[in-house]
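Q: As a plain string of letters, each chain reads:
Protein chains: 4
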Amino acid sequence: MCTAATFHTKDHYFGRNLDLEFSYHEQVTVLPRNRTVPMRVMEDMKQHYAMIGMAFVVDGFPLYYDATNEHGLSMAGLNFPGNAYYAPVCDGKDNVASFEVILWLLGQCRTVAEAREKIENMNICDIVFSPELPASPLHWMLADREECVVLEQTKSGLRVHENPVGVMTNNPTFDYHMTHLADYMNVSGDPGVNRMMPQTELNQYSRGMGGFGIPGDLSSASRFVKVAFTKMNSVSGSGESESISQFFKILGSVEQQRGCCRLGKDENGNEQCEYTIYSSCCNMDKGIYYYTTYENSQITGVNMHHTDLDGTELTVFDLVKGQQIRMEN
Amino acid sequence: MCTAATFHTKDHYFGRNLDLEFSYHEQVTVLPRNRTVPMRVMEDMKQHYAMIGMAFVVDGFPLYYDATNEHGLSMAGLNFPGNAYYAPVCDGKDNVASFEVILWLLGQCRTVAEAREKIENMNICDIVFSPELPASPLHWMLADREECVVLEQTKSGLRVHENPVGVMTNNPTFDYHMTHLADYMNVSGDPGVNRMMPQTELNQYSRGMGGFGIPGDLSSASRFVKVAFTKMNSVSGSGESESISQFFKILGSVEQQRGCCRLGKDENGNEQCEYTIYSSCCNMDKGIYYYTTYENSQITGVNMHHTDLDGTELTVFDLVKGQQIRMEN
Amino acid sequence: MCTAATFHTKDHYFGRNLDLEFSYHEQVTVLPRNRTVPMRVMEDMKQHYAMIGMAFVVDGFPLYYDATNEHGLSMAGLNFPGNAYYAPVCDGKDNVASFEVILWLLGQCRTVAEAREKIENMNICDIVFSPELPASPLHWMLADREECVVLEQTKSGLRVHENPVGVMTNNPTFDYHMTHLADYMNVSGDPGVNRMMPQTELNQYSRGMGGFGIPGDLSSASRFVKVAFTKMNSVSGSGESESISQFFKILGSVEQQRGCCRLGKDENGNEQCEYTIYSSCCNMDKGIYYYTTYENSQITGVNMHHTDLDGTELTVFDLVKGQQIRMEN
Amino acid sequence: MCTAATFHTKDHYFGRNLDLEFSYHEQVTVLPRNRTVPMRVMEDMKQHYAMIGMAFVVDGFPLYYDATNEHGLSMAGLNFPGNAYYAPVCDGKDNVASFEVILWLLGQCRTVAEAREKIENMNICDIVFSPELPASPLHWMLADREECVVLEQTKSGLRVHENPVGVMTNNPTFDYHMTHLADYMNVSGDPGVNRMMPQTELNQYSRGMGGFGIPGDLSSASRFVKVAFTKMNSVSGSGESESISQFFKILGSVEQQRGCCRLGKDENGNEQCEYTIYSSCCNMDKGIYYYTTYENSQITGVNMHHTDLDGTELTVFDLVKGQQIRMEN
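Protein sequences, first through last, are from chains B, E, U and R. Residues in the first sequence are numbered from 1 upward in steps of one, following the UniProt record's numbering. Residues in the second sequence are numbered from 1 upward in steps of one, following the UniProt record's numbering. Residues in the third sequence are numbered from 1 upward in steps of one, following the UniProt record's numbering. Residues in the fourth sequence are numbered from 1 upward in steps of one, following the UniProt record's numbering.
In isolation and in its complexed conformation, chain B is listed as follows:
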């Protein structure tokens, strides 16, 4: 499914893995301030903050998977099947369709605190983008430079969870993941310590044995634990190269390799596999969006400030998808 994370060195970073069995035609997309965003129930947003992110653009409308606005507020939608609940339009509420949520919040808020206020009156409503594009069941991770939260609307209502770990995956709910994380509290990046039977010598035959117990499968609950462990123990220099290198390593720790998460056969008898379509890392301070794809491990970057942020047209960049090998001879 998907994994999102924040990471802070000197600058602040936000990004995600998108794990699916297929790719839409997603592009790095910059939405400038004066591009009208038509809304289904709410008034159209004629002016709003500019943002950059990964989107599938349909008829000029950017369906963002994840984005960062010019103030650094960042947001990613993650699959939440079976738990996400989109309610009927409700009078007196700000009715926002699931595909509008990122635009609505990043378009109007500079911080998580501002977003919390917006969310208070929000109802994520059950309007679909089009009959061909039914609503994906999602929850969202939202972060600024200081704070990270998770936004979940289930049958029990819309909740904003403080997220002290700054990572998110998919099902179950955020509450579950945080409770489950506690199971692994004894695990450490330090060498193993014989707490089991201190009176007897045990042979620490390998480095890394303090981490024994960390799960390595690709289920959402295990990815949450693994990526939380990797992020919270990460050590990095503070420069841009070192920071984004470390960020992509954090996401790499829960990357889905093609073949390891099979879904059964499609109608043509082809085995389908979920894998990491792309990994992204956005510098929240500088508005630079970096990404890699499954078959292109070189990092490609797009700087939102190198586009006309006061314009009215989307700027889109096709993904560079083939391996960009640098041959030395």
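Just so you know, the hints here were simulated from the structure itself, not pulled from any lab data. Accuracy of the hints is not assured; some may be wrong.
When the alpha-carbon atoms are kept at most 25 Å apart in a straight line, the in silico BS3-like pairs for lysine-lysine are as follows [to be verified]: (1) R:Lys286 - U:Lys321; (2) U:Lys321 - R:Lys93; (3) B:Lys265 - E:Lys10; (4) U:Lys10 - R:Lys265; (5) R:Lys321 - U:Lys10; (6) E:Lys321 - B:Lys286; (7) B:Lys321 - E:Lys321; (8) E:Lys286 - B:Lys321; (9) B:Lys286 - B:Lys10; (10) U:Lys265 - R:Lys10; (11) E:Lys155 - R:Lys155; (12) U:Lys286 - R:Lys321; (13) R:Lys46 - R:Lys93; (14) B:Lys93 - B:Lys155; (15) E:Lys10 - B:Lys321; (16) E:Lys265 - B:Lys10; (17) B:Lys10 - E:Lys321; (18) B:Lys155 - U:Lys155; (19) B:Lys118 - B:Lys155; (20) R:Lys10 - U:Lys321.
Pairwise CB distance ranges, derived in the manner of DEER restraints [unchecked claim]: (21) E:Ser130 - U:Leu263: 36 to 44 Å; (22) E:Leu263 - B:Ser156: 43 to 51 Å; (23) U:Ser130 - R:Gly322: 32 to 40 Å.
Here the structure is a predicted model, which means the values were calculated and not measured. Backbone N, C-alpha and C define an ideal beta-carbon position, used for all residues, glycine too.
Chains E, U and R: place on chain B using the hints.
A: For chains E, U and R alone, kept in the frame of chain B given last:
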């Protein structure tokens, strides 16, 4: 520590992660056929097969970490502390120092079968390269296009283990890893199956739940299981780009992120961390050596056939280590 | 903490482990139909169903830990710290103190269905038994011959969860346990199956390898998985001896051995350990309550029908606590 | 399969679980000093130390599963299929058939040290007891009050392993178990400690979370870890009742419940299950052999010193197998 793997699509690939807390000045190094390889006990090898690989070159002598020769025979040394045993020089045996093993076998053998014959009379002897460079305790993975074996010399003697999985890490011995691997046999890349209590519905809340139980820590035993699972379930197209992409994903599944395997403080009070210095993937058929480094995720390649393989001088390529970001604007 | 389970062969069984670091003076206690049960807010119950179970009797009031009534309806309270919420007395509701819940439901209901109706208007209120006996934070498992449910009152309200597995432990909530149980769905009582890499032979070196992955620690989440696995895979003859033998084995699978769950030192500097004070198994059809204690592995039984169920006095039986060893010579 | 353990309080205890899918007609059997033990290759033992243990007696010959002699030296045979190797009779060696090993060593040695000397010249030879009773593939745990060792004869020869943990199960070899045990070194009987991300609060929702990671399945490798953890953390009073209670809890931690280790169907289509046929605990100091059976949880005891140890006839006691329930009314 380290991980090695083979992978076959249309072509055949061999590579490894080098996991350490520091880097020597290793370079991609091509040894041509007529470069004399001085041997400590055996007769110098004046003519031998050419090879390409990663080496620390000291006074013109290539200390290979891993290499592939012109016939595709490939070999990597992996740390084996506490178990590796280098014996005194023994009359009547082919006495080969640990740092000569790769050169000795890849210099003279085209296949694993030929190497097995050479190994029969081999004694890995306890001669050091220099007082400043004591012998690393190693075992080796050796593969051609058909077969993969592990070479271990312990106090019990020198053994060649058939390796049906085609991956290797560090301690304990290969026998241990294969026995331990069986613990995880029920795990699968397919969706979860309710074998626990088929009469009761359990909610498969995530994709990938058939893989629950795969370990994700960085110890050598857990990396063996994880990389074996990833490799044996890998699905890839057969082209060069797809194949090497998948290969680096296999190695990426057991990559060591900086901070997750801490070693304690060095004499200056700095926390030391083991991390993946480089990852390599050699096309055994074409003699192209690809690599990435911890901070350069772009793949760099060197083709041994683009050097003078009949020459007498090493051709060396410094590693490209900083992130090679492709900015789109 | 605690574990409860149901088990059905020809007859129906209900029981639990009580895991604590100390023992009150609990006794097997029969409450006859005409013993008035004084209630704090509700009207006293002058006539009610008779029941048998384990209780700490204070001033003639049976504080039941678990009990079974004459119709087989059975209930056990299990520790639920941090999650249990006892609300202020609320007009219009049936206000039942936590220590009255078992008496209230088992006194008036013959089945889970009847209990569900009672629960609909129930408010578990925050009245304590006495200043010396503050309310334990509890949730309850309730079962008849057909059905099993879990009753939890948290800040979100009072909920009755259908329990298809028929086991319960402590924190987190029942919902969590059922979601978490799904992680282990691939595990089986059957021999291991090589689903990981069917093309490679793995050595099934032991029986029982289909069960690899089942947790064995004493945390409540792990005990839930282990006891659910054990119960759902249990095979037993249908006679009374075989059935209760198997029942005690099910509970034994999550028994807490003294020393394995340490709590730190008490005020006198003595290490405190949680361990299984007693295990019980009540035949719901026959009204016979069986138990063992940590130091008495012989099963002791009390038959409620051998007491005067129409009486007005409690019948109590001190626990037989020392090992009852049968010496053969 | 099986589990053996030692445990010391004021006195010293040795015992085992026998896990099989069926029971021979085993009996508690006392071998007096003057009962001739006929040997297949070695000279018959006309005088020897007396011993008590569990044996299947065939034509007056006690096939001991486990036994303790009058000096406290104790030994148990445990299944070791695929690894045990019984060699051809070898001149110059003490050729002892596998079914004679316990008698040979316990008959002649008072301590492990004395047994080590005997073992030095021993060859466990491939003679079967009878065509109907082929040799079980075994390794043995041997202990006196001070020391515990494991005896394994594989194709690599006969080895005596120092056993600092004092527990043993089945496959793989003892070396494997001790290496594997180190994987769990971070696990503890103490409360969980947040070593994973100390800067973030994790909710320790249950007691016992320091033990998270201990395996709970019935495979021999997992039972080794679980029983080692339980034993090494055991806390017990020093009296006989407390000590043997704790000992049976240690064995109970790896008990096999019927249905949880299925073996497939027998020739009549009946599902076969391995389960714990009996558990034993011998007081090595007093020569009292205690046991329970799967369906009799009461402890039964036999005191070797209450038989005529100078006699020439075996004293046998049928097992008490049905539940010995103590009805209180």
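Q: Run every hint past the structure and note whether it holds.
A: Evaluation of the provided hints:
| no. | hint | verdict |
| --- | --- | --- |
| 1 | R:Lys286 - U:Lys321 | holds (24 Å) |
| 2 | U:Lys321 - R:Lys93 | violated (53 Å) |
| 3 | B:Lys265 - E:Lys10 | holds (23 Å) |
| 4 | U:Lys10 - R:Lys265 | holds (23 Å) |
| 5 | R:Lys321 - U:Lys10 | holds (21 Å) |
| 6 | E:Lys321 - B:Lys286 | holds (24 Å) |
| 7 | B:Lys321 - E:Lys321 | holds (22 Å) |
| 8 | E:Lys286 - B:Lys321 | holds (24 Å) |
| 9 | B:Lys286 - B:Lys10 | holds (12 Å) |
| 10 | U:Lys265 - R:Lys10 | holds (23 Å) |
| 11 | E:Lys155 - R:Lys155 | holds (17 Å) |
| 12 | U:Lys286 - R:Lys321 | holds (24 Å) |
| 13 | R:Lys46 - R:Lys93 | holds (20 Å) |
| 14 | B:Lys93 - B:Lys155 | holds (17 Å) |
| 15 | E:Lys10 - B:Lys321 | holds (21 Å) |
| 16 | E:Lys265 - B:Lys10 | holds (23 Å) |
| 17 | B:Lys10 - E:Lys321 | holds (21 Å) |
| 18 | B:Lys155 - U:Lys155 | holds (17 Å) |
| 19 | B:Lys118 - B:Lys155 | holds (20 Å) |
| 20 | R:Lys10 - U:Lys321 | holds (21 Å) |
| 21 | E:Ser130 - U:Leu263: 36 to 44 Å | violated (57 Å) |
| 22 | E:Leu263 - B:Ser156: 43 to 51 Å | holds (46 Å) |
| 23 | U:Ser130 - R:Gly322: 32 to 40 Å | violated (45 Å) |
Checked against the numbered hints above, the structure violates hints 2, 21, 23; every other hint is satisfied.
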